[in-house]
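Peer 1: Next come the chains, spelled out residue by residue.
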Amino acid sequence: MIKRWWSFPKTNVERTAIVLGCLILLLALVGAFLVPFDPMKIDFRAKLQAPSLVHWLGTDGSGRDVLSRLLYGAQLTLASTFAVIIVVVTIGCTIGIASAFIGGAVDNMLMRLADIWLGFPPLILALGFASALGASLEAAIWALIFSWWPNYARLSRMVTSDILSQKFIASADALGVPTHRKVLHYVIPNAMDVMLIQIALDISAVMLAISGLSFIGVGAQIPAPEWGAMIADGRSYVSNGWWIVLAPGLAIFITAVSFNVIGDMLRRELDPTSRRR
Amino acid sequence: MAGVDIPMVELRGVAKSFARRLFVQNRSFALRDINIAIGRGEVVGILGESGSGKSTVANIITCLTGYDGGTYRFKGRDIAAYTRKERFAFKSDVQIVFQDPYGSLNPRATVRGSVMESLLLHRRDLGRAQRIERANALLEEVGLSADAGERYPHEFSGGQRQRIAIARAIAVEPELLVLDEPLSSLDVSIQAQILELFVRMIRERGLTIVFISHDVNVVRLLCDRVYVMNQGAVVEEGFARDVLSHPQNEYTARLLDAVY
Amino acid sequence: MASLAPTNADDRPLLEIRDVSVALRNGNRTMVAGVSLSVRPREVFGIVGESGSGKTLLTRTLLGLQDDAYVAGGSVRFNGQSLPIDGYGTQARKLLGHSIGFVPQDPFASLNPSMRIGKQITEAIYLAKGWPMGAERTRDAAISLMAEVGIPEPALAFNQFPDQFSGGMRQRMVFAIALAQDPKLLVADEPTTALDAITQRRVIELILDRSRKHDLAVILISHNLELLRQSVGRIAVLYGGQLLNIVASSDIGHRMVHPYTEALFDCIPTREKTLADIRSIPGEPVGAGFGLRGCAFASRCPYVVTACTTADLPRNSAMAPSFSACILGRGAS
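Chains as they are written, first to last, in the working numbering: chain A, 1 to 277; chain B, 1001 to 1260; chain C, 2001 to 2333.
To be clear, the hints were calculated from the coordinates, so they are not data collected in a lab. A portion of the hints provided could be inaccurate.
With a Cα cut of at most 25 Å, we get these calculated BS3-like pairs of lysine-lysine [to be verified]:
hint, chain 1, residue 1, chain 2, residue 2
1, A, Lys182, B, Lys1085
2, C, Lys2273, C, Lys2213
3, A, Lys167, B, Lys1091
4, A, Lys182, B, Lys1091
5, C, Lys2119, C, Lys2184
6, A, Lys182, A, Lys167
Restraint-style ranges between C-beta atoms, simulated for each label pair [stated by the list, open to error]:
hint, chain 1, residue 1, chain 2, residue 2, range
7, A, Leu196, B, Glu1150, 20 to 30 Å
8, B, Gly1127, C, Asp2312, 50 to 60 Å
9, B, Glu1173, C, Gln2230, 34 to 44 Å
10, A, Leu196, B, Ser1050, 30 to 40 Å
11, A, Ala105, B, Arg1205, 36 to 46 Å
12, B, Val1199, C, Glu2272, 16 to 26 Å
13, C, Asp2067, B, Lys1075, 54 to 64 Å
14, B, Glu1133, A, Ile86, 36 to 46 Å
Keep in mind that this is a model prediction, so the values were computed, not measured. Ideal Cβ placement from N, Cα and C applies to all residues, glycine included.
Only chain A is shown next, with the shape it has when bound in the complex (with noise of 0.2 Å):
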């Protein structure tokens, strides 16, 4: 299993993408004890500090230092996308899978729902959460969970009820094997490459969307590290510190890149459409 892992990068932009990925997961899991300073406490006296050998990025418009803010931020971006991720593919498979085996009218409903839910666009959605629940990064978590739920929702459908089309599955009814042995030994196994084909792709989207609806005012709110926030922060001192709002940029576009370009190769590597005979 680990060699048939190995044999998935094919080119070097692959194998440091997927260092860069595992690096980034290793900073945003133990940089909170490695922060050189406190990411919140102000010092005005300290404050737009161009990167030194004592604040290694620099400091912020509030004399922050930037390095501790960003790797604070790791763990605040990252763990709202996997909250997100988590959440969105329980609650998405569950009504996908659920309806490919109901069938019928069921199906068709609860399709049709997702297909209307798709057509709400998530900004505006989280804008809505906003103005309801108050303009906080958990706003921002619940209206993406809310919007991003039916491309899961659709997805397991789809690769369910091809999978329930196959003749295996023909032959396990004709064991009698129960409905959750079913789910649990036959499509979970054989929908995995799928899925998780589709999760590397939207962990990068994820992320974005969290910063970006951050950057524009609706998600983490100015003093917490969120890197969207940050760079919401930074920018009006573009001019006489660009480092407040490239540290936090840069970051963005490496671990977006890095889980996008590791979304590819997985389709690659794992779509069956795309190999074999």
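Could you slot chains B and C onto chain A? The hints should help.
Peer 2: Chains B and C in isolation, oriented as in the chain A frame:
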């Protein structure tokens, strides 16, 4: 007690129509008034071209699909009256092997896992060690080596996969085995191997066999009796050696003339 | 060119392939090695092999239709004209335009679904003969061609689309397109595999009938030895990318033939056989690409001796009409 006269499978006036859907053309015919009786220990062929409805009959006999009219009695009891428990027990009495050896095994389960699945569901009395032992014995019986069990279906050739599917089907010790075009997608030299395996199994296990096929020559070799189907109806039935040498029905005669 | 026409055309082979090898472009692996055979004018010739034997690869490459493979060695002559091995595909495709007709396996994929039948056939006539007769007479030619291949009410079918017809009818249309060019040789690759038995028999008989009436040579490729045995004169047997046997079909089951041909015939059920007559071949078929060192069938052959795996495979370089590649000489005339 069930007498010897009660057929194992008895389809009486079974009919099935396919729901017509907008823009979807269903190429297989609906079934009309199917009467089939299969006694214990018989090897019965159902012969027909693609679209004749023979595979639908296979699915009805194995309860994989329903029917709209008529009755299906299995060992004298109407399956429409089955309780949940009987329905589950039926699954260990009747098993099916499909045509496509590529699609009929779970690609994410090991070969032994696939065979053990049958035992896990229907032989609750067996412990894990016994199940493994029995699965290995079954794989050996169908002619696979001992190390085959650890591997996954895609590592096997079509003929070997068909052997695995057969091992999976006989694991529950069914009384009736339905073979739905089990040779059609195999190479000629492999077809003969699998045919020999069937012959051996019929002899050693005393199975009742429903052999669904379009191949007149194979049906002639293997089957005691034959039903010839065309366009969703049985057009001729009788002993294979009679029907396939002196057909009474015009369609059967044309089919026999055409076969090489 | 007419002055060069041979006086004794009957004796000259129409197609002559000598020691032909086919390799894949990707990796240069030789898949089919050292095949020599000839097809005479008006002859109906069969090629039999299990899946992966290289029969389809060999023919498609010889016709210039296989993009991922090339003729790696040997020589090919068609109708007295030698084809260059360099740039072979382009030359072969030119022949495919007018001297060779091709009927592929899948009647559903080989017609343009959005073009009327008549248009597809008249286009083939136009491509082969130019536009010598004007639209009206080309149309009549197409309709009579459709009638010849047994399409009922051809004038009506002329204006219909392929999806309005069954597989058998579509295969007739593909056949009509192949014949529109009035070829000397028709190559049919498993033309009836997708069809049911009754239609299969009709299509094969149509091909044989056409061959008799119009001096058409036919190469019929099939996995079905019994079909070929009853339909063609000589059969070439391919296995593992090797040519193992060229045999008169009447000899199979009656005289000693190559052990593989014998084993293949022994494992197919026919009208006459009983269960006791069926003997399977142990093991799995070897895929194409075996090369010429040793016999590809050695691992499954009942007569095998050590030499079978070490000796070079005999080749039909003398272009004999019948040939056995058995190292032990079994089935050699």
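Peer 1: Take the hints in turn and mark each one as holding or not.
Peer 2: Outcome of the hint check:
1. A:Lys182 to B:Lys1085: 19 Å, holds
2. C:Lys2273 to C:Lys2213: The given pair, whose Cα atoms are some 34 Å apart, is violated under the 25 Å limit.
3. A:Lys167 to B:Lys1091: 16 Å, holds
4. A:Lys182 to B:Lys1091: Roughly 16 Å between the alpha carbons, so the hint for lysine 182 of chain A and lysine 1091 of chain B holds.
5. C:Lys2119 to C:Lys2184: Distance ~23 Å between lysine 2119 of chain C and lysine 2184 of chain C Cα, so the pair holds.
6. A:Lys182 to A:Lys167: 13 Å, holds
7. A:Leu196 to B:Glu1150: 20 to 30 Å: 24 Å, holds
8. B:Gly1127 to C:Asp2312: 50 to 60 Å: Roughly 57 Å apart at Cβ, these two residues keep to the hinted range, so it holds.
9. B:Glu1173 to C:Gln2230: 34 to 44 Å: With Cβ atoms ~42 Å apart, the hint holds.
10. A:Leu196 to B:Ser1050: 30 to 40 Å: 38 Å, holds
11. A:Ala105 to B:Arg1205: 36 to 46 Å: 44 Å, holds
12. B:Val1199 to C:Glu2272: 16 to 26 Å: Given about 19 Å between the Cβ atoms, the range holds.
13. C:Asp2067 to B:Lys1075: 54 to 64 Å: 58 Å, holds
14. B:Glu1133 to A:Ile86: 36 to 46 Å: Holds - the Cβ-Cβ distance for glutamate 1133 of chain B and isoleucine 86 of chain A, about 41 Å, lies within 36 to 46 Å.
Hint 2 from the earlier list is the only one contradicted by this structure; the remaining hints agree with it.
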